[in-house]
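*Asks:* Could you build all of it, start to finish, from the sequences and the hints given here?
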Amino acid sequence: MRKVWDIHGGVHPPESKTQSNHCAIASIELAEELVLPLSQHIGAPSTAVVTVGDRVLKGQLIAEAQGLISAPIHASTSGTVTAIEQRPIAHPSGMTADCIVLKPDGLEEWIEIDACNDYKALEKTEILAKIRGAGISGMGGAGFPAAVKLNPRPNQKITTLILNGTECEPYITADDMLMREHANEIIAGALLLAHLLDNPSEILVGIEDNKPEAIATMQAAAENTAVEIVVFPTKYPSGGEKQLIEIVTGKQVPSGALPASIGIVVQNVGSAFAAWRAVRFGEPLISRVTTVVGESLALQRNIEVPLGTPIQHILQQHGWQQENAARLIIGGPMMGYTVESPLVPVVKTTNCILAPSRQEVPEQPPAQPCIRCGMCAEACPASLLPQQLFWFAQSENYEKLREHDLFDCIECGACSYVCPSNIPLVQYYRASKSEIRIIDADKQKSDRARVRFEARKARIEQAEAEKEAKRVARKIAAEQAKRLADEKKALAGPQGTATTTSSELADKASTAAKPTDVDPATELAKLERALSSAQSRQERATASLTDMQREDPDNTARIESLQARLKQAQLKVNEAEQKLGSFKAAQNSVVATETIIKQKLTSSPLEQLQKSVDTIGKRLTTARQKLAEAEAAGTPTVEALRQGVAKLQQKLDTSERELVEAKAATSTASEVATEVNSDHNKTLSAADIAIEKAKAKAAAQANMSDTEKRAAQLTSLQSRLTKARERLAKAEAENNENIDAFRIGVEKLEVKLAEAKEDVKEKA
Amino acid sequence: MAFIKITSPHAHKPGNTGSVMQTVLLATLPGIAVLTAFFGPGTLVNILLTSLFCLAFEAAFLALRKKRIAFYLKDYSALVTAFLLALALPPYAPWWLIATGSLFAIVIAKQLYGGLGYNPFNPAMVGYIVLLISFPLEMSSWPAASPTLSDGAQLPGIIATLQQVFLGVPIDGYTGATPLDLLKQNQSQLISDLYANTSAFNQGRWAGAGWEWVNLAFLGGGIFLLYKKIFTWHAPIAMLASLGLLAALFYDGGSSTSSGSPLFHWLSGATMLGAFFIVTDPVTSAVSVRGRLIYGALVGALVFIIRVWGNYPDAMAFAVLLMNFAAPFIDYYTKPRTYGHKSGPKSQA
Ligand code: SF4
Ligand code: SF4
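If you read the sequences in order, they're chains Y and P. Taking numbering that gives the first Met the number 0, the leading residue of the first sequence gets 0, the next gets one more, and so forth. Taking numbering that gives the first Met the number 0, the leading residue of the second sequence gets 0, the next gets one more, and so forth.
It is possible that some hints are incorrect.
As the list claims (entries may be wrong) - With a straight-line cut-off of 20 Å between C-alpha atoms, the simulated EDC-like cross-links for lysine to aspartate or glutamate are:
#	chain 1	residue 1	chain 2	residue 2
1	P	K12	Y	E377
2	P	K12	Y	E362
3	P	K341	Y	E402
As the list claims (entries may be wrong) - Estimated spans, in silico, between C-beta atoms of each pair:
#	chain 1	residue 1	chain 2	residue 2	range
4	P	G113	Y	K444	35 to 45 Å
5	P	G113	Y	A430	14 to 24 Å
6	P	P13	Y	E31	40 to 50 Å
7	Y	A430	P	Y332	26 to 36 Å
8	Y	K444	P	Y331	32 to 42 Å
9	P	P93	Y	P232	54 to 64 Å
10	P	L28	Y	A25	50 to 60 Å
11	P	Y332	Y	R539	52 to 62 Å
12	Y	E395	P	F134	37 to 47 Å
13	P	T22	Y	P232	20 to 30 Å
14	Y	A25	P	Y332	49 to 59 Å
Simulated from the structure, these hints should not be mistaken for lab results. Keep in mind it's a predicted model, so treat the numbers as computed, not measured. All C-beta atoms in this analysis are idealised placements derived from N, C-alpha and C, irrespective of residue type, glycine included.
*Replies:* Now the structure itself:
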C-alpha cells in the first residue's frame, strides 16, 4: 500500500451517493433540440464552421478551436443546424452565449472516423492532435483543454501522472459509475496519457474509500500495468487538484504555479476515458456521463447523455416534480452553481444535475455575526483564516486580503459549510476576488500611463538639460574665442600685421557659439506650437466648463473634473510660455554674443555703439509692436512683454548716452574704446587701433558672408515652410488637435520668409 | 420558471451560533450545581439577576441600534455573558452590583463595540473587573463553603438570600476566606501545616473545601464542550499547562513562602471556569491553532503571576483582559502557512 498524506482541514458532509449509484449508466431519449454552446471549456470560444440549414453528421466538426487554449465542438448526433444564436447556458453568471442549435433527425448517422489500433506507432504530436481535435477538455469541473496539459514545456519533466477519480463532492457518482463500467478503458487512457508525457515514473489513480466497487474494478483493470490505484479516506475536498496532489504525493503545488512545475499532471478519469476513445476509435467528445439526482426526481441515476441536451428534457425523463424544487444546481452541493433556467444544455463539464427538493436543500437562514469560533479555519483545506478574510472582505481591505492569501482560496465552500453563523463566506471571497482583479487591471492601465508620462517628463527634462549644457558651452566657447581674438590682437598689434584675419576669427566664434545640432528656429517654432496648442486646449476647457456649469450645475463631480482640467491646461500654458520665453532669451543672448564678438572684431568702437543703438532700437520697435498686439488680444504675456519693453528702453537710453559721449571723445579712439566697452569689462588694448587697418577688408568679407548666409537662410526657410505646409495638410486631413498650432507655424514661416526675401533684395 | 440563484455551497452543517451558545450554557450546569451545593442559593440568584439585566440591556440596545431584537437575542450570546458574569461574582452580591456589572458587560464591552463578534474584550470579564475596581469590598466577600462553616451554622436560606441581595440585610457570619486568600495571607506556616490547620483545607481533599469540586465540575463541563467540538483543546490545555508548570517551578517544596502546588492552582478560584469558558471565548481570543496555544499559555502564566505577586486574590479576569489586548498581535505573528506557500505572513508583512 502506498503511503497517503492527510490534508489540512476538510469536512464530512453527508455523502448522498447511494441514491444515484445503485444502477448502471442508462441512456435517455434524444431531445428534440440540442444546444451546443461555443464555449464549453476554459479559454477562447470556438468558431462555428457550419451555417444555419446545414445538415451535419454525428461527430462532425461544427466549431473549430481558436488558438491553443480552446477546444473544437462536434455534432452530438446527425441532424440540421437550425440556428446559431444566443441561448442561456450553464454558467454561474446566468448569462447567455452563442450556441449552435441542432435539430436531430434521429438517424444517428456517424461521420467517417478513423480508428487506430496502435497509437505507439504514431508520433506524439499526432496523438496530441487527435486529442485536441476530439475537443476533450477537463470533465471534472473547470474544463481546461486536456491537450494543453498533456503538452508540458520541454524543460518540465513530468514524473507523476495522476488520474482524479476522487469525486469528493456529495451526490455526484458519474466518475464512480464510469470507473465501475469502463475501468479497462480508463486504464488504457491512463497509459496513453503516460505515453504522451514520456512515461512518468508514477501513474496513479486517486479514489476515495467510499467507492469500493470502483476501486475493485479499477484495481483489477490496473493489474500488471504501471498504473497504481491509490485509495484514501473520504473527506471533502480531497478531489481538488491541489489537495489530491498533496494526498497522493505529499507535495504542495507552489502558490500561483501549475502542478507541472513540480512534475505533476492531473487529469480527470473521464478525460482519460475520452482521450482513449478519441485516439483508439477516433470518436470526438460528444456525450458524457452525468449524475441526475435530487429528491424532486422520481428516478435518480447516471446517464450517458449527448452534449447539448437541455436539462429540462433530462429532468422530465426522470419524473421531475418541478413544483417541489426551489433550485437547480449544476455540479454538487458544495461547489455547484445554480441555474435559473432549466433550458440550459449539458456541456462537457456537466458532471451532475442536482434538483433537490425544498426539504433536501432548505433555504439558508440569515447570517449571524461571526463569533470567530475558528471552525472555518479548521475546515479550510488551504490553511487560510476564513474568518479574517471575511472580516477584511467586509471592510474591503484588499491589501489585507492579499496578505492573507485570498487568491489561494479554492472556493471549496468548506468554511461556509461549517460556519455556525451561516455566513456565506465563499460569496464574499468571490466578490472580493473579482473586485481586486478589476482594481489590478485598472492599476496596470494607470501604471502604463504613468510610465509613459514619466518617460515623457524625463525626455523633456533631458532635452532641457542638454539645452542648458549647450548654452553654457556656447558661452564658454564665445568667451574663449574672444580671449583668443584679444590675444591675437595683442600679438598682432605691435607688429602691425595680423596673421589671421579678424573675419576668420569672427566666423570661428560664431560657429563655436552656434548650437551644433538643434536649429534654433525649429526649436522656436516647436515651442510656439506647443504654446498655441496649450492655449487652445485651455480655451476648450474653459468653454466646456462654462457649458457644464450652465447646463448641469448639480453635477459637481463632472464640474470638478472639468475645473481640474482647466487648471491643468492653464499650467500647461504657463509652462509653455515660460519655455518659450527662456528659449527666446537664450537665443537673443546667443545672437547678442555673436554680434558683440563680431562687432568687437570688426568695427570701431564708435560704429559698435551706433550699431548697438540701432539694434536695440529695432528690438524695441518689435517689442512695442508685440506688446500692443498682446494688449489688444489680452493675452497673459502682456506683463512680461511690458517689462521687456521697459528694459529695452533703458538699454537704448544708456547706449545712446554712451554713443554721444563716445562721439565727443572721438579724438582718442583707444580711450573711447575702453570706455564704451565698459559693460563688457574687457579691456581692449591698443591692438584695436592696429586692427583698423584690416577693418575695411574684413568688413567686405563679413558682408559677403552675410549675403551668403542670407541666401542659405532663405533656402532653409523655404524648405521648412514646405514641410510645415505638408504637416498642416496632414493634420487637417486627420483633424488633428494640433491643427491650430500647425497653422500658426506656417503663417509665421511665411512671414519670416517674406522678411528674409526683402532682406536679400535690400542687400543685393 | 426561473429558479433562485444562490452561490455555493448549498449544503450546510446542521447547527448555528445559537445552538453553540446553548451547548455552552448547558456545560455550565454541573459547575452551577456544585457552587449551589457548597455556597447556597446565592449563585442561582446571581444567574437569575445577570440574565435578567443582560437580556434587558441587550434588547434595549438592539432596539436603539435598530436591529431585529428577537433575531439577535436568539444567538444566546447575552445569556452566556450573563452566566459567566454570575459565576464569577461572589454569591449573594447586592442587586445593584449585578446590575452595574451587567451594564458594563453588555453595553460598554459589547454593544458599544458593535455587538457580538466585534468586542475586543470578553464582556463578562470587563463587567467583573469594573466591579472589582469600583467595589472591592463587595467583590471580595466570598461566602464560606459549607464544610467550613462553624458548627450549627447553615447555608443561607432563600429568604435571607433575597434580603441580603435586595435589601442589604447582611447574613450573619457567611463570609469566609477562600483558599487563595489563605495562601496569600500565609506568613509562617509550611503548606502542610496550613493544610492541616485550616478548615478550608482540612475539610477538603486536594485544594480547598468546596472549591476543588467547583473546579472539577467546570472541568467536566469543559470536557463535554471539547467532546462536542465547540472549541479545540489548544487554548485551555495550554493555559492549564503553563499555570501548572509555573506552579511546579515555584512550589518550593511546600515551604512557608510557597506559592502553592500545581494541583492547588488548578483546582482553586476560577481556574477551570476560566480555562474552559473564558479563555475559549472565540471572539476575544487568538484565531489560529498556534495563536491559541500561545494565547492560552500566556493567560496561564499571567494568572499565576497575578495570583502570586499581584494584589488581587484571583487573577483570571485580569489575565484574560490583558491577553485580549494581545490577541491581535498574536494573530499577526501566527498566521498559518497557506497551502503552497513557503512561510507564514511574516515574509510578506
Ligand atoms: S466559522 Fe463562521 S462564525 Fe466561526 S469564525 Fe468562521 S466565519 Fe466566524
Ligand atoms: S472556500 Fe476558500 S477559505 Fe473557504 S475553506 Fe475553501 S479554500 Fe478555505
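*Asks:* Next step is simple, just say for each hint if it's right about the structure.
*Replies:* Now the hints, each set against the structure:
no., hint, result
1, K12/P <-> E377/Y, "holds (14 Å)"
2, K12/P <-> E362/Y, "holds (13 Å)"
3, K341/P <-> E402/Y, "holds (14 Å)"
4, G113/P <-> K444/Y: 35 to 45 Å, "holds (37 Å)"
5, G113/P <-> A430/Y: 14 to 24 Å, "holds (22 Å)"
6, P13/P <-> E31/Y: 40 to 50 Å, "holds (42 Å)"
7, A430/Y <-> Y332/P: 26 to 36 Å, "holds (29 Å)"
8, K444/Y <-> Y331/P: 32 to 42 Å, "holds (33 Å)"
9, P93/P <-> P232/Y: 54 to 64 Å, "holds (57 Å)"
10, L28/P <-> A25/Y: 50 to 60 Å, "holds (55 Å)"
11, Y332/P <-> R539/Y: 52 to 62 Å, "holds (57 Å)"
12, E395/Y <-> F134/P: 37 to 47 Å, "holds (44 Å)"
13, T22/P <-> P232/Y: 20 to 30 Å, "holds (27 Å)"
14, A25/Y <-> Y332/P: 49 to 59 Å, "holds (57 Å)"
The structure fails none of the hints (numbered hints given earlier).
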